[in-house]
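Protein sequences, first through last, are from chains A and B. If you read the first sequence in our numbering, its first letter stands for residue 1, the second for the next number, and so on. If you read the second sequence in our numbering, its first letter stands for residue 1001, the second for the next number, and so on.
Because the hints were derived from the structure by calculation, they are not lab data. Any given hint might turn out to be false.
Claimed, not checked - DSSO-like cross-link-like pairs, simulated, lysine-lysine; straight-line CA separation at most 30 Å:
hint : chain 1 : residue 1 : chain 2 : residue 2
1    : A       : Lys531    : A       : Lys735
2    : B       : Lys1076   : B       : Lys1531
3    : B       : Lys1331   : B       : Lys1312
4    : A       : Lys674    : A       : Lys647
5    : B       : Lys1076   : B       : Lys1119
6    : A       : Lys520    : A       : Lys76
7    : A       : Lys636    : B       : Lys1636
8    : A       : Lys520    : A       : Lys531
9    : B       : Lys1531   : A       : Lys647
10   : B       : Lys1647   : A       : Lys636
11   : A       : Lys304    : A       : Lys331
12   : B       : Lys1647   : A       : Lys647
2 protein chains.
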Amino acid sequence: MALIFSFDHAHGRPPLELRRLLGGKGANLAEMASVLGLSVPPGFTITTDACRDYLAGGWPEGLSAELTRHVRRLEKTMSRRVGDPDDPLLVSVRSGAEISMPGMMDTILNLGLNDSSVKGLTERTGNERFAYESYRRFVSMYGRIVLGIDGRLFDEAFEGLTGRDGEGGHAEPSAPALAQLVEQYQELVEAETGTPFPQAPLEQLRGAIEAVFRSWNAPRAIAYREREHIDHHLGTAVTVQAMVFGNRDNRSGTGVAFTRDPATGEKTPYGDFLVNAQGEDVVAGIRNTLPLSAIRERFPEIYKELTGVFAKLEAHYRDMCDTEFTIEQGKLWMLQTRVGKRSGKAALKMAVDMTRQRGWRISREEAVARVSAEHIDQVLHPQFAERPATVLGRGLAASPGAAVGKAVFSADEAIAAGARGERVILVRNETSPDDIAGMIAAQGVLTTRGGLVSHAAVVARGWGKPAVVGAEQLRITESGFLLGGSAVAAGEYISIDGSTGEIALGEVALAPPSPPMELKVLLGWADRIRKGKLAVRANADTGADAATARSFGAEGIGLCRTEHMFLEGDRLPIVRRMILAADGPEEQAALEELREAQREDFEAILVAMDGLPVTVRLLDPPLHEFLPSIRDLELKEATVGLDEQEKQLLGAARAWQEMNPMLGLRGVRLGIIKPRLYEMQVQALMQAAAARVAAGGHPKVEVMIPLTVTRRELALARSWVEATIAEETKDLRRKPQVQVGTMIETPRAALQAGELAEAADFFSFGTNDLTQMTFGFSRDDVEGRLMSAYLQLGLLERNPFENLDEVGVGELVRLAAQRGRAARPGLKIGICGEHGGDPASIRFFYREVGLDYVSCSPFRVPVARLAAAQAVLGETA
Amino acid sequence: MALIFSFDHAHGRPPLELRRLLGGKGANLAEMASVLGLSVPPGFTITTDACRDYLAGGWPEGLSAELTRHVRRLEKTMSRRVGDPDDPLLVSVRSGAEISMPGMMDTILNLGLNDSSVKGLTERTGNERFAYESYRRFVSMYGRIVLGIDGRLFDEAFEGLTGRDGEGGHAEPSAPALAQLVEQYQELVEAETGTPFPQAPLEQLRGAIEAVFRSWNAPRAIAYREREHIDHHLGTAVTVQAMVFGNRDNRSGTGVAFTRDPATGEKTPYGDFLVNAQGEDVVAGIRNTLPLSAIRERFPEIYKELTGVFAKLEAHYRDMCDTEFTIEQGKLWMLQTRVGKRSGKAALKMAVDMTRQRGWRISREEAVARVSAEHIDQVLHPQFAERPATVLGRGLAASPGAAVGKAVFSADEAIAAGARGERVILVRNETSPDDIAGMIAAQGVLTTRGGLVSHAAVVARGWGKPAVVGAEQLRITESGFLLGGSAVAAGEYISIDGSTGEIALGEVALAPPSPPMELKVLLGWADRIRKGKLAVRANADTGADAATARSFGAEGIGLCRTEHMFLEGDRLPIVRRMILAADGPEEQAALEELREAQREDFEAILVAMDGLPVTVRLLDPPLHEFLPSIRDLELKEATVGLDEQEKQLLGAARAWQEMNPMLGLRGVRLGIIKPRLYEMQVQALMQAAAARVAAGGHPKVEVMIPLTVTRRELALARSWVEATIAEETKDLRRKPQVQVGTMIETPRAALQAGELAEAADFFSFGTNDLTQMTFGFSRDDVEGRLMSAYLQLGLLERNPFENLDEVGVGELVRLAAQRGRAARPGLKIGICGEHGGDPASIRFFYREVGLDYVSCSPFRVPVARLAAAQAVLGETA
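Using the sequences and the hints given, assemble the complete structure.
Below, the structure is given as structure tokens:
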């Protein structure tokens, strides 16, 4: 198999399909040159096979011969020879992996210049300054990138000449000065490497190619691949291309352009252009660029040609393209193209527009597949409208959207400032139910501890409020906080981006959320694709949340956490009374009060979700979560003393305290220790359902028993639940629909799913807990403290609390679904953990497990609808 | 299939094999009658099939006819008829399930008596008093058991007659008085049931049979089956047998006897005998019984016959038998037999003796199979020599053996009392490393919280010191403790039995441990059986423990917990210095000190285990376990204030604190955060090994990495370990044997065992943690608080921390072993959790998983050796 292919090689199939072999850059160039017939400077691509061979065993046998042959062919095409002292052919050398990858060698330009060919260039261009400037750039680029010489040495020499730092700028040195600089550079090369700067063009070329190969294993490239989960064995291709010069004269120029506006999606090309410049000048941002329209004014013919090229590219790629082009003395050359990146708004608009394109069009399925979760997040939440001037640090991106406010450090301050109409960011080590009111008052939440399923993260996501959590480097002090070497005083403005985890100083301008009308259209298409295959529900605990969820398209509630109702301000004292009471009338009285309150909550939820299924999880957390902290009470006891009630609370808190609450007395275990608690909850729920029936509603209730580990445990709890249901509905003429099921959230429940299914109408995977127990990772402890180290060291490929761990936790999920359905064919199975809103996990749940529904926070529902459709399509954007 | 079989029925195979059908009692009677030809009063057995039919659908069709036929046959054999007013046949009716089961109906005697046959009995025996006493007993027994009348009503009527309570005694009522009492009883029956006392013998018989059937579902019987894991569907058989009377005259008598001494195992029959008495008189203990030798004196012929029967029984059952017999007017009748229960000492002696029996013998394999873990525990630990007078309550039996001492409530008191030469029991809510010295000073340990793998339990077992833990009902007060309604003052004597969990008041006499010489013999046989199949190692953390373990027959160390070395008094400050130090010279200095200390510890262990494998687990617990409690420090801060070092410790304790330490920063995670810690430990270990090599020893070291969840994590840790090993051994001419492996203690590790095996020379299952994570049961929280409720409610069949949960945790274990060995054939696999010493779990590990070794606490090693042999034999005692 050949190791080098020219751009116009007849592969027999579209070069784009050969990305793995030719790299992205090489494949796109070949596509333009050989398929589209665009004017592309000729050249060839050295394959990734060659790179792999090189990395495994050095310069491949036969590569030199092939290289010489292709250079000769290029020379023939261009009617110039490399190194020709009269009219030299110059080439660029670029790396190009299958997947675009920063951290690798980028580009060497002007290769082929040497002490004699520089004279030929001078002669042919009639521009000595241009020739020596090109030579200078080449020597320094080559010295730095290929020969590994510290770039600052070249910069210093250049500054010695111009008195200014860096390259480019207005004070242009004269040609002799540049020639002298080239000599200086060459001396530098010899001093640093012990050998003279290579003069033979083929030697230069081989050096550059080897440098590209080697750069595959540069530390930054490896780190990038680790982070992005790119296979280390792919290797990179190398593209060698004849140089054209946009900086030759004023009939020349260079630009980058998108075939449509990548920010808005409008159908107008968008880009930057410079007259008499090379590509790097546009990218470097040193000179002020012109809009594309400048080409129309200056080079109307070229503009026409360019828009024709754009139309051709879009029709061919069936998408918006990102291009680089150069005009050399009035001739247009396309240097690169690829499908372009775009904003969320543009992604939505283009996807919908392109289904209606004249001449070519994409299907609605393709449109759905092209939009990503990030795109949807962008249009639903506020974003930074500008890059922050000072990024202090970074935490975990816990709840998408950006927020700005004064830093405050307690819920009370947040409430007070909120009442004054001020915007605040609540900064806490971690949040607890006591912080709820402060979180409501704040624009966003920032914590130093805890992971993506910490209290702060879960609550903020539930409200669609921006949050950054687990910012471990942030240290809260007496007067503010320290982060990234800066001290931020209480009351100073900070800005956070819950989509990226960034924490910035000052007031960063925000762009408000602006869902375009195409969002609705696209989600409608998505719904049609997934209808009857994978439903999307929401996790919601109140009528208001349920209504929000329904407005976002939720098809029911997959998880209603009844404990959140217990934590509301006026109810906590009742819950505590219930805990303090021994069995008997006092307990019963407290339970009655709670029942009344829960009944109202349930009714509001059933109203909002009328006709749709509502899964209510019976009380799950350990009782000590409802009691004050032992430490606080003991401190008070040791200092000012406790009153009688506090003494009782301390006693109860001590009695119920646990070493490992996550593995403690919670879920159905609590139900078994305090059976009247579950009875009360089912009473409240069924009374709410009865009221809805009486009002003409259609409540569909699913009672979910948490944390079961054995069939008998589930059967016992189910028997109580059914007895209460029977009691509460015995006088109803029209009975509400009720099912009873369980969560699968312990490894044992997953293994015993066949047995559990005998007593369950449905399963709902609690993948948060299942992940915690399968890994032995407490989300409260490990995720914040260890996860980043584990990801950086590559010990884990992904945060398993963010993307389901397919080989570990996923095996248990798959196995449980199989066993459950084998025991009870048609068993309804869903998932209500955090993974229910993660596209990669949704794909796994649908394709590998065949779940019936996913459930996520209300604001995540649109993303889940999209991801569910993509899972059904078997594709991702 | 027939529903009734007479004792002499020709089954075609030994009736003993038909226990399931005939019940234990029926099968043994049939065996004696039909196979051994002993004189057994004739009778028949109604099968368990009949019982199951009855419980499912009432009195079985055809049973009445069969019953009548068998009664007629019995009458023919006995030449008497039931209800005959001249010479009536009386029968007994007894229940008899496959497995002997308290809580079911026991026995009705004298059935067949009625108002006319009592006269026949009078006539035939010439003893009116005897006849009416028999009739009285029958009516009250029948009234109580079959008709469900409150027994106190009969007692009251009896007291009205005798002026004394209860039955029996010296003041014997006259015959007319008894006849009058019978009338009174019959009136009572009619008043209570509304129908007269049944006079027809067949009606009486059917009533008694139905009562036996029904008693299968009596609450006590159900509870017993739940506790003992007996199938509820087995049902019971009913035995109907002609009565013989040991209370007929002075040529009559009755007794119970063991064919050997069940306490010592001596080859002399042992039992109790009464002249002119019925069986219940012997059992009731109201009259002073005579030893068996009394028979030799009174009835030398009978004695000869009896010893002949004993020899026959032993030869037939090939074991010691427990018998009941009656002598009626000079004729010996055998009423019952079964293989008898025995003490640990007797079990050992008999098992060994019976391999050398003249005439018949058992194989060594059988001898090994007949001894149980409890037997061995009994001879290795002190036992209560008497039943305690006042049992206050019960906790979990955490470490076998009994202990007596004054109740003390702090380690300091225990140390002080110990120094004064006093015996104490240390009573704590729970123990921590701070209590170690106090635990050493105490005779035994009693805690109110925590389960079988709590600190107190694990440490006490490690030392072979009696412990009862998780005595939840016990409440420690200011001046002592409350339990079972009694208040025990500090300093009062209490006694605990760590084999049963009993807590008793006062000084119960103790029998010292007395391993008979047969123990060694038997364990030697056990070793030969399991040799090369299942090795037994010990968990030991010090040289002394290792030496103990070896003396008990351990073949290596399966778990050396290096953290225990960190907790020793003088080392804790160094560990704390290491934690407080940032990276750098301070940390290094502290690590150096620890290295030196650990090196010495390791050397002592390697000396004790020279030539045998020693598995050293690198540091496992979270660092906050080495820091003082935050609560204590905060209290001090709020009251008297903290010094500089305490402030630092408080800061560190806060920084390292965790919500769920069990799922936190421990095991290899700690190694990854503090890699120099593991490096130091491996250095110390390899230096110790090098010293041993230099001294001519043969150290065999296995470095074990705890809590891994991914292959990469293990590979990374392994790479450090190997680098350190290479560094430390590079100058050695003879290298110590070293392997590197991992624990499998998270569900994910079990699932990923194939991948982990690529980087592991061995696996060791940590089934404690695996059980905790698979169930989501924290041993610190759930086991003490919830487990007893779960076992009582039948939600779990067994405590999964005591007996491996075969279907849940066991599936993960099996799967991990399969995957591990598939990836690395010949992978060595063991288990070092608490289950390593549990016979049922050992059987599972050997037979279902095929482990190479088990590891348990040193004092448990003999039990594990026995259980391992039994697992190999495929049998259990």
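Lysine 531 (chain A) paired with lysine 735 (chain A) [C-alpha distance capped at 30 Å]: 28 Å, holds
Given pair status - lysine 331 (chain A), lysine 304 (chain A), alpha carbons within 30 Å: 12 Å, holds
30 Å limit on alpha-carbon distance, applied to hinted pair lysine 520 (chain A) and lysine 531 (chain A): Measuring from Cα to Cα gives roughly 16 Å; hence the hint holds.
Pair hint outcome, lysine 1076 (chain B) versus lysine 1119 (chain B) [Cα-Cα no greater than 30 Å]: With a Cα-Cα distance of about 21 Å, the restraint between lysine 1076 (chain B) and lysine 1119 (chain B) holds, given a limit of 30 Å.
30 Å limit on alpha-carbon distance, applied to hinted pair lysine 520 (chain A) and lysine 76 (chain A): Violated. Lysine 520 (chain A) to lysine 76 (chain A) sits at ~56 Å, over the 30 Å cutoff.
Restraint status (C-alpha distance of lysine 674 (chain A) to lysine 647 (chain A) at most 30 Å): Judged against 30 Å, a Cα distance of about 23 Å means the pair holds.
Given hint lysine 1636 (chain B) paired with lysine 636 (chain A) - CA-CA distance at most 30 Å: 12 Å, holds
Straight-line alpha-carbon gap lysine 1076 (chain B) to lysine 1531 (chain B), limit 30 Å: 59 Å, violated
Restraint status (C-alpha distance of lysine 1647 (chain B) to lysine 636 (chain A) at most 30 Å): 20 Å, holds
Pairwise hint evaluation, lysine 1312 (chain B) against lysine 1331 (chain B), where the allowed Cα distance is 30 Å at most: With a Cα-Cα distance of about 18 Å, the restraint between lysine 1331 (chain B) and lysine 1312 (chain B) holds, given a limit of 30 Å.
Pair hint lysine 1647 (chain B) and lysine 647 (chain A), alpha-carbon separation not exceeding 30 Å: Roughly 28 Å separates the two Cα atoms, so the pair holds.
Distance restraint between lysine 1531 (chain B) and lysine 647 (chain A), which requires alpha-carbon spacing of 30 Å or less: Measuring from Cα to Cα gives roughly 61 Å; hence the hint is violated.
Consistency note: the structure conflicts with the earlier hints numbered 2, 6 and 9.
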